[in-house]
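Chain by chain, the residues run as shown.
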Amino acid sequence: MTETKADPSPLLCLAGRKLDSRLLLGTGGFRSLELLAAAIRASRSELVTVALRRLELPGANAADGASRGALIDVLDAEGVEVLPNTAGCFTARDAVITAKLAREAFQTDLIKLEVIGDEDTLLPDAPELLKAAEQLVDDGFVVLPYTTDDPVLARRLVDVGCAAVMPLGAPIGSGMGIRNPYNIALIRESVEVPVVLDAGIGTASDAALAMELGCDAVMVASAVSRAQDPVAMAAAMRAAVEAGLLARRAGRIPRKTYATPSTPVAGTPEFS
Amino acid sequence: MTETKADPSPLLCLAGRKLDSRLLLGTGGFRSLELLAAAIRASRSELVTVALRRLELPGANAADGASRGALIDVLDAEGVEVLPNTAGCFTARDAVITAKLAREAFQTDLIKLEVIGDEDTLLPDAPELLKAAEQLVDDGFVVLPYTTDDPVLARRLVDVGCAAVMPLGAPIGSGMGIRNPYNIALIRESVEVPVVLDAGIGTASDAALAMELGCDAVMVASAVSRAQDPVAMAAAMRAAVEAGLLARRAGRIPRKTYATPSTPVAGTPEFS
Amino acid sequence: MTETKADPSPLLCLAGRKLDSRLLLGTGGFRSLELLAAAIRASRSELVTVALRRLELPGANAADGASRGALIDVLDAEGVEVLPNTAGCFTARDAVITAKLAREAFQTDLIKLEVIGDEDTLLPDAPELLKAAEQLVDDGFVVLPYTTDDPVLARRLVDVGCAAVMPLGAPIGSGMGIRNPYNIALIRESVEVPVVLDAGIGTASDAALAMELGCDAVMVASAVSRAQDPVAMAAAMRAAVEAGLLARRAGRIPRKTYATPSTPVAGTPEFS
Amino acid sequence: MTETKADPSPLLCLAGRKLDSRLLLGTGGFRSLELLAAAIRASRSELVTVALRRLELPGANAADGASRGALIDVLDAEGVEVLPNTAGCFTARDAVITAKLAREAFQTDLIKLEVIGDEDTLLPDAPELLKAAEQLVDDGFVVLPYTTDDPVLARRLVDVGCAAVMPLGAPIGSGMGIRNPYNIALIRESVEVPVVLDAGIGTASDAALAMELGCDAVMVASAVSRAQDPVAMAAAMRAAVEAGLLARRAGRIPRKTYATPSTPVAGTPEFS
Amino acid sequence: MIVLNGERREHRAGEVVAALVASLGLPARARGVAVAIDGEVVPRAVWESRAIQEGARVEVLTAMQGG
Amino acid sequence: MIVLNGERREHRAGEVVAALVASLGLPARARGVAVAIDGEVVPRAVWESRAIQEGARVEVLTAMQGG
Amino acid sequence: MIVLNGERREHRAGEVVAALVASLGLPARARGVAVAIDGEVVPRAVWESRAIQEGARVEVLTAMQGG
Amino acid sequence: MIVLNGERREHRAGEVVAALVASLGLPARARGVAVAIDGEVVPRAVWESRAIQEGARVEVLTAMQGG
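Protein chains in written order, with our numbering: chain A, 1 to 272; chain B, 1 to 272; chain C, 1 to 272; chain D, 1 to 272; chain E, 1 to 67; chain F, 1 to 67; chain G, 1 to 67; chain H, 1 to 67.
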């Protein structure tokens, strides 16, 4: 009920959905589908990303086609919604085609748009990203772009109709946390749509900080799937996002250079 | 059950108690006893600090004596254990007398030992603190000293028999967070007893970080009592401590300078 | 001669010039032209920025036209080269026109290209910046773009022919220092042209850090012109840039978690 | 003359000496006495530390005794004053004896007092340090204690008569820089004697920051002696200390969240 | 010849997309599957009717863990 | 005269600690109350028997929010 | 009428750019001065010949401290 | 026997500190040299007169790079 006091609508409105969870989960990097399923449950995420890749042709590893089919079955069984991504695309053109294929494959208008500009850092390519976003919005997609922490670019993406922005904290899989919290806060001030911190999260305090900075949700993949205990880390991230959201709404004390006694000085006894 | 998997004994053994909660709560700064009671419930803390001050003499604010009696009643009603402190003491002598009075007043051998060396920062006075700790341990107290983030001093305090150490993250009530995480981690390596991060916590991510650094528990006072919504912040701190503990046990991914794809490159289609 | 040992060519090759100084100075914000002249001398800068603004029409402040003429005379007298900027432009079109007017006014092909995307932060607008850069390079300008700390955008700017990149450390005039040192180092790795840290520098250690991160030069304006003693700060920045360059070339010791004795343990006497 | 304006007495008054240089240099870790001599010249340091160790007995490495004699000769030749240290002492007793031996050996009342509390971090032992300082002051020494970054301990050391305090930025030889700048600034406010940042410096920007935080001087050893090019790093540190001191005296601009134009908006032309 | 997922493969005259997909062991209207020919998406609606031409570059994609 | 919590106050000959505490409106054996006389703790066990001497400096302390 | 640096001003028939610049108290070929008409740069080479048309939007710019 | 810098060594009856120092190849009044016996400093003033006793623990120290 504190929640209610702090905020009449605790739900996250994202891409036209109303979500209880502020955590988006990536499916990459899990050692097994069983671990993935358990992590989804522990995270309580309602929206998980998947990629599109070439079907292994018969003669190749047979189990594989099976496991791929199984992926969708697992997600359906867990009752989560699929958020396809365009991972691996280096041009607007490839990203747009991939998004359209994803729409066919998953019958969804949601797309996590990634247009990468550098193989080592997997950082986004601002101009290509903006171009692809514009085309996909025009084509009726609900576009969630993976973007840099540049507040101006974030606003341009919203101006062309993106449903949210997903700025990075640090390079994908780096676990470096939020390298420039200041810019994330500026992005929050710059746009009206939901801000989802994407990429760079390494541990729970990173996720809590993202929410405290004003993000509406946090996306985690490697931080959970590649942790020694992915299920425990999924639970940690769930709790961290809740903690950060509660703290932001609770209104933290200001930072001060000197101390403020938590015990009054008045009434201090004298023993000599 | 993740908990159980991650750690067979999730309980905190502190000062001979077995505690489910990793959060210690200070009672100072709450605007009313009702808020204090609600915050205790939201925090799920089992151990809360109180101070000893002069009784207001009759003729002075009458309500006061009442409210003071009421404090103990509230703590009893919430079923929490009292941890008296020696706040406001600037010498070993005053701290020792205050501890003995607290033992009479609350019939407990627990004492949160504070010996302050500076009025502006309320930072501990290392030599006086060590002297008082030694005397109180000899006198049968279970001593929890509020100390600096100096790993050597922490070990000296343990060497003289302290049951735990409570290093500061930043000055009391400053909300500055953990100014030197590196030293907190060194303290964790330096001693066998529980480490309780005390002072400086401003928001949830600070508390999560403390646990990730290896602390066994976190103490919060002003961060909760002086927040705009103390009850919501108490819940935030509870979740943050849980998140940090889970994350530490889950085994985070290493920090890396460059990116690691969360989506495999193999099988990327070619559209031209 | 250390210099020589560390680097056979200590000169900065920027925009076809060979410069002894690694410091670019902005002329904005100085309280008088005398202070500007003294600061130029103290900074030893060889390249200073100027803006183009409307001539005050007669009847308006007469001294003004004079002082504006005087600005060029001061720069000529100090023997520095003029680097015109496109400050205040919010579109590629305005920036291109302004650059062409600057070429007429100052008879130089140098242009510090600024295309701003937000009035509060004065952060660059990536797509407009790239467009303007491309047009100006095609028109024969030597383009030095003020850009974000995005390594991919920096490379795009170099790909279209910019002679250097000038990434920001923090918003113009904020004195926030280098918010994301990690990205500045990535930019250094991403491009072959000179990298000039621009905007955000507040004090000497910021400038030294920029050079240590691999920057070839540092641009300062408000940090010097709005300091309480601009001439002293100009000297501080000159020394800081030299210090950072020397340190980078000297090859710093690695960071380590624990200590390494600077005094050998062997031969320690025993007194008991 | 800016100097003069900023500060009528630019000299550092330390331990009764008037020094032009703000840099203290450690002699440990240099690969040869020639490098040491060159580094002293490049650093322009006037005060360098030496240790006392057992003379190698004949039959052992003969060159050694020679080289040790040579050390003093080198320091005399460079015209620097010797500051003996008590490196390697773990008790007040050993430190006091070592200080007295140093006084005999070098005929100086100066002593850099080190009392170490932990072998891995080489962090000071606060209570033993204070005890040794008190005894040495009573015995007429000019005591410069290597201490933690605890402001209260620093004041206690000054209260017993230390001529300066030498707080650490990070463990000796770690190159971690200043882990808690906030405490260094508090120390500056807490004491009247000179504050010399000691230990932890890794590169030039660290030394500049130390001066900006209010330190009167900086001590470097491993950062110079173990750099790839010790002579170049010595020059870098000299310039960095100068830069930091100038910047502090110049009065830096305040940090601001948003931008402040360095080019006036008034008079911006309109092209359409 | 056609190029299927980057591999050269014999062209079966008149083979429609649905048949190709089935030949790869995928159930009809399998979720998580999409097909592109010569860089253009082939909507599921036309899988039954759309014949694959000699020389076509065909991509058959499925869901996999990612992102 | 005695000094009670820093305030001068008339001394009642033979008054014991328990009586003084009661006179301050505190219930007997109230939790959270402690008494020191001349810088020494007065254990509850002796509140009934320990008389307060002329000139004593008495501190009567109670629990309050803190820490 | 023309608009000079945003201010309406009477149009002098046949006035060339050089004349206008001179009328503003600027020395001929003054460094740091540039002129745009209707959003187009006017090169110094044509200041003497280029006449200002009725309704022209003229910008006369000079160097100032900045950046 | 004496213990010199941690090593056992034969005791020469009546040997004074100055003689021991000289025997180690150090010039008289060499700078940077100090001597302790049984944990006590031996001032240079008494090197000539102070005899080393049987069983003494002697430390002869010299300056070395450090700190």
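For the record, the hints were derived by calculation from the structure and aren't laboratory data. Backbone N, C-alpha and C define an ideal beta-carbon position, used for all residues, glycine too. Please note that the accuracy of each hint is not assured.
Stated by the list, open to error - Computed cross-link-like contacts, BS3-like style, restricted to lysine-lysine with a CA-CA straight-line distance of at most 30 Å:
{"hint": "1", "chain 1": "A", "residue 1": "Lys100", "chain 2": "A", "residue 2": "Lys131"}
{"hint": "2", "chain 1": "B", "residue 1": "Lys100", "chain 2": "D", "residue 2": "Lys256"}
{"hint": "3", "chain 1": "A", "residue 1": "Lys100", "chain 2": "A", "residue 2": "Lys18"}
{"hint": "4", "chain 1": "A", "residue 1": "Lys100", "chain 2": "C", "residue 2": "Lys131"}
{"hint": "5", "chain 1": "C", "residue 1": "Lys100", "chain 2": "B", "residue 2": "Lys256"}
{"hint": "6", "chain 1": "B", "residue 1": "Lys131", "chain 2": "D", "residue 2": "Lys18"}
{"hint": "7", "chain 1": "D", "residue 1": "Lys131", "chain 2": "D", "residue 2": "Lys256"}
{"hint": "8", "chain 1": "C", "residue 1": "Lys100", "chain 2": "C", "residue 2": "Lys131"}
{"hint": "9", "chain 1": "A", "residue 1": "Lys131", "chain 2": "C", "residue 2": "Lys131"}
{"hint": "10", "chain 1": "C", "residue 1": "Lys131", "chain 2": "C", "residue 2": "Lys256"}
{"hint": "11", "chain 1": "B", "residue 1": "Lys131", "chain 2": "D", "residue 2": "Lys256"}
{"hint": "12", "chain 1": "A", "residue 1": "Lys131", "chain 2": "C", "residue 2": "Lys100"}
{"hint": "13", "chain 1": "D", "residue 1": "Lys256", "chain 2": "A", "residue 2": "Lys256"}
{"hint": "14", "chain 1": "B", "residue 1": "Lys100", "chain 2": "B", "residue 2": "Lys18"}
{"hint": "15", "chain 1": "C", "residue 1": "Lys131", "chain 2": "C", "residue 2": "Lys18"}
{"hint": "16", "chain 1": "B", "residue 1": "Lys131", "chain 2": "B", "residue 2": "Lys18"}
What the hints assert, rightly or not - Listed next, the stretches of chain C that the computed footprint assigns to chain D, with coverage defined by at least 3 CB atoms under 8 Å from CB atoms of chain D:
{"hint": "17", "stretch": "47-58"}
{"hint": "18", "stretch": "91-98"}
{"hint": "19", "stretch": "117-125"}
{"hint": "20", "stretch": "207-214"}
{"hint": "21", "stretch": "251-258"}
Okay, the hints, checked on the actual structure:
For the given pair, Lys100 of chain A sits about 15 Å from Lys131 of chain A by alpha-carbon distance, which is consistent with the 30 Å threshold. Under the criterion of a C-alpha separation no larger than 30 Å, the hint pairing Lys100 of chain B with Lys256 of chain D is inconsistent with the structure, at around 50 Å. Between Lys100 of chain A and Lys18 of chain A the CA atoms are separated by roughly 24 Å; this keeps the pair inside 30 Å, and the hint holds. Between Lys100 of chain A and Lys131 of chain C the alpha-carbon distance is near 29 Å, which keeps this suggested pair within the 30 Å criterion.
With a C-alpha separation of about 45 Å, the suggested pairing of Lys100 of chain C with Lys256 of chain B is violated against the 30 Å cut-off. Taken as a hint, the Lys131 of chain B and Lys18 of chain D pair is broken in the structure, with Cα atoms around 39 Å apart against an allowance of 30 Å. Between the alpha carbons of Lys131 of chain D and Lys256 of chain D the distance comes to roughly 45 Å, so the proposed pair goes past 30 Å and is violated. Between Lys100 of chain C and Lys131 of chain C, the direct Cα distance comes to roughly 15 Å. Compliance with the 30 Å bound is thereby established for this hinted pair.
For the given pair, Lys131 of chain A sits about 14 Å from Lys131 of chain C by alpha-carbon distance, which is consistent with the 30 Å threshold. For the suggested pair Lys131 of chain C and Lys256 of chain C, the alpha carbons sit about 45 Å apart, so the restraint of at most 30 Å is broken. Annotation: proposed proximity of Lys131 of chain B to Lys256 of chain D is violated, straight-line Cα distance about 45 Å (limit 30 Å). With a C-alpha separation of about 29 Å, the suggested pairing of Lys131 of chain A with Lys100 of chain C holds against the 30 Å cut-off.
For the given pair, Lys256 of chain D sits about 16 Å from Lys256 of chain A by alpha-carbon distance, which is consistent with the 30 Å threshold. This hinted pair checks out: Lys100 of chain B and Lys18 of chain B have alpha carbons roughly 24 Å apart, not beyond 30 Å. About 28 Å separates the Cα atoms of Lys131 of chain C and Lys18 of chain C, which keeps this hinted pair within 30 Å; it holds. A hinted pair counts as satisfied when its Cα atoms are at most 30 Å apart, and Lys131 of chain B with Lys18 of chain B qualifies at roughly 28 Å.
Counting residues of the stretch 47-58 of chain C whose C-beta lies closer than 8 Å to any C-beta of chain D gives 5; at least three are required, and the coverage claim holds. For a cut-off of 8 Å, the count of residues in the stretch 91-98 of chain C with a CB near a CB of chain D stands at 4, and the three-residue condition holds. Counting residues of the stretch 117-125 of chain C whose C-beta sits closer than 8 Å to any C-beta of chain D gives 4, which meets the bar of three, so the coverage hint holds. Given as covered by chain D, the stretch 207-214 of chain C passes the check, having 4 residues with a CB less than 8 Å from a CB of that chain where 3 are the minimum.
For the stretch 251-258 of chain C, the proposed coverage by chain D is satisfied: 8 residues have a C-beta within less than 8 Å of a C-beta in that chain, meeting the threshold of three.
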